[in-house]
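There are 2 protein chains.
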Amino acid sequence: MNFADRMQEAVERCGNAALVGLDPHADSLPDEFAAARAPAASRAERAKACADFLCQVIELAAGKVPAVKPQSAFFELYGADGAQAWERVVAAARAAGLLVIGDVKRGDIDTTAKAYARAFLDPSAAGAAVCDAITVNPYLGADAMQPFVEACRAYDAGLFVLVRTSNKHSGLFQDHGTPKLYEHIARAVDSWGSELVGRSGLSSIGAVVGATHPAELLALRKLLPRTPFLIPGYGAQGAGASELAGGFLPGGRGALVNSSRGILFAYKLPRHAGLHWKDATRAAIAEMVTELRALAH
Amino acid sequence: MNFADRMQEAVERCGNAALVGLDPHADSLPDEFAAARAPAASRAERAKACADFLCQVIELAAGKVPAVKPQSAFFELYGADGAQAWERVVAAARAAGLLVIGDVKRGDIDTTAKAYARAFLDPSAAGAAVCDAITVNPYLGADAMQPFVEACRAYDAGLFVLVRTSNKHSGLFQDHGTPKLYEHIARAVDSWGSELVGRSGLSSIGAVVGATHPAELLALRKLLPRTPFLIPGYGAQGAGASELAGGFLPGGRGALVNSSRGILFAYKLPRHAGLHWKDATRAAIAEMVTELRALAH
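Protein sequences appear in the order of chains A and B. Quick note: the first sequence uses this note's numbering, first residue 115, plus one each step. Quick note: the second sequence uses this note's numbering, first residue 115, plus one each step.
Hint data in this document are derived by calculation from the structure and do not stem from the laboratory. Keep in mind that the hints are not guaranteed to be accurate.
Copies of the same chain look alike in the list, so a pair counts if it works inside one copy or between any two.
Claimed, not checked - Straight-line C-alpha distance at most 20 Å; calculated SDA-like pairs for lysine to any residue: (1) K178 / R208; (2) K294 / A256; (3) K294 / P328; (4) K336 / D304; (5) K162 / E201; (6) K162 / A239.
Predicted model, so just to flag it, every value in this text is computed and none were measured.
Turn these sequences into a full structure, and let the hints steer you where they fit.
As structure tokens, this is what we get:
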């Protein structure tokens, strides 16, 4: 089934559009995973502690949210051991019935782009660690995106193209020109996705649009009526549910809202003081699900 | 020593600015490495065949050219086995006295950018597989580049920021607006590098500028008098030495010229027909060195 349809089906099944970001910051892991930051631990031990933690988070999230988003950078930090940990985490999430959006922000030309696309989206290359979708960076242009789009067609996978990112100064280049660069890219995203529209009416070629820029989020939603949005910036990065509403299509369709630290490290928040990390994460997932439920109906 | 100074020293020592791209396309490897494409081979065997080939290429290139550029995508295709192969190849290149420019085109925000920077540039994270420099994608803005720039300061490493890429339609977004986006980014690159200028007068924050766009290459060279250029597009991608000249500073300084397929798979070129692949690659390196020698003096 087309990625957009699988995404929409998962959102409807769970009744919310929450996307749990799996960013295993070693310094923030609960004490039982302190091997991740122990100077005496080997690289393999540190990578394993991160994966152990994330596999337990996956158990807590399974059945409650539609998708998770592992962040490649925190795995690459451990080299080949991190790559093993990535494979274990992605496979565990898929086995738990969660969609996996690999946050890899890759982008390159020609056969190199094809190799990246296959590495993450082709089951014959990635095996049990295949992602349902990945994030990609469009700076190199349409010809550089084409191999990724073709991989989506070949493997029923999806993309989320960086359009307007959630960082404070994302406008430096993304707002450049008239029309603004991100609007120009948004129109290209719509065009790249035109042949991958599923039964849901959504395309498998999505866009990353930060909730930290609500006016742009609203404008892009109008410009892109069939593009799924991956919306970062909720929770720890500062945006609340009201800023998110503009990113959804009528009926609460067509978006996933990411929270990473707010879920993974909920045990560090004052309002969860005294809770075991699992209870804090469970509570944070429940809070997010409740907040987003209103938007996903 | 500052990356720019190490780069300039290596170019002067070798008498040329050749950068050998290490892109192990499985389909193009010589027959003795056919395990890389054998359907019956395990992923580990395929990754090992690629690394075996590249380690032999590194032996042929050592002492003759200043630097190599492994392309991450072709390693990521083999997951954790590919990550091991990457580490082996990078460590072998460094042990052979070659500068290593990791072609990873990463880019992300905040602590994620910091994790990517550490993964490739921090010797305490990457060990013997640490890179001297990496390629990065600037689309997310200056705040997203800052952790990479800080890593260069901390680890005496370098960056090559994508400015004008070598693909045919790179202008779609890179030429957007007035001034063009790539010019806007070029000025930012100059500013990011202002505090990392070495004794050579060059900064450790470089730019990727394709030889396939000679007019832009010349204009960018004038705009960025202290920025090292990584120039792809020579050889297999179509540009010759005359197109490259504009990318150098007076005295043949401040640039590295990449060739990947033209060196690695030289044995497939008609003019090398009948040669063992090693002799063909040796000849292709000698040809490139001769062509570039005129530019590096």
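Against the structure, the hints come out as follows:
1. K178 / R208: Classified as within; 14 Å inside a copy, 48 Å across copies.
2. K294 / A256: Both: 17 Å inside a copy, 17 Å across copies.
3. K294 / P328: within (16 Å within a copy, 27 Å between copies)
4. K336 / D304: So K336 and D304 pass the 20 Å test inside one copy only (12 Å; across, 37 Å).
5. K162 / E201: both (11 Å within a copy, 19 Å between copies)
6. K162 / A239: between (23 Å within a copy, 15 Å between copies)
Violated hints for the displayed structure: none, as all numbered hints are satisfied.
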